[in-house]
Amino acid sequence: DAKTTQPPSMDCAEGRAANLPCNHSTISGNEYVYWYRQIHSQGPQYIIHGLKNNETNEMASLIITEDRKSSTLILPHATLRDTAVYYCIVRVPTSGTYKYIFGTGTRLKVLA
Amino acid sequence: DAGVIQSPRHEVTEMGQEVTLRCKPISGHDYLFWYRQTMMRGLELLIYFNNNVPIDDSGMPEDRFSAKMPNASFSTLKIQPSEPRDSAVYFCASSLWGTNTGELFFGEGSRLTVL
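From first to last, the protein sequence lines are chains A and B.
According to the working numbering, the first sequence holds residues 113 to 224 in order.
According to the working numbering, the second sequence holds residues 30 to 144 in order.
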């Protein structure tokens, strides 16, 4: 079962910041938070990940609360091409590797 | 790099027929994952392999489903016999243990329709 909960959908105006929340209240100390997105019916694409510190890369920023029970993905200047389903995932260690269990995601629509 | 390659991209078959989906992971990657995506259930992890060995197949829905990885560059997911409820998009993904991101690289998927 997925360990994350996300709102089913959000809208964002083009050029504005998109802030996508995620709850992961049962996360364990060694479990990372990952974000992927899926555009149309393409394969999901990696965006960013983090453990407890805030992270930033060329695509987005990830803000993780101090208690690690929730996080927010920030797309600083959303464009129409950012319209996609965004998945927040907790990477679960298992059998010497990790499992990535996808939840239902947030469908982000960027409006012109 | 060509990325993860899946075939066929689209498959339409009749109930009872055997279906074989194929995946070529990124060269050098040591983990391979099969996912299934439907509107009702979202993305479900079916099975994953490490160095060609199946590690966890607890997500495989039933005995009609089987997966193999005969070598590091090829994997198959077989459904025999197929049923209409197997209609879905099947994704293959690969990753390399020990990288900084632990990122999964997905293929474009195989869309299966069982009539």
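I should point out that these hints are in silico values taken from the structure, not numbers from a laboratory.
Please note that the accuracy of each hint is not assured.
[Unchecked claim] Over 10 Å on every C-beta distance to chain B, these chain A residues come out as not near it, computed from the model:
id: 1; residue: 115
id: 2; residue: 119
id: 3; residue: 126
id: 4; residue: 131
id: 5; residue: 164
id: 6; residue: 181
id: 7; residue: 184
id: 8; residue: 189
[Stated by the list, open to error] Chain A regions said to be covered by chain B (calculated; three or more residues, Cβ under 8 Å):
id: 9; segment: 166-179
id: 10; segment: 211-223
It should be emphasised that the depicted structure is a prediction, and the values quoted were computed from it without experimental measurement.
Cβ coordinates follow ideal geometry from the N, Cα and C atoms, glycine included.
Original post:
Which earlier hints turn out false for this structure, listed by number in ascending order?
Top reply: 9
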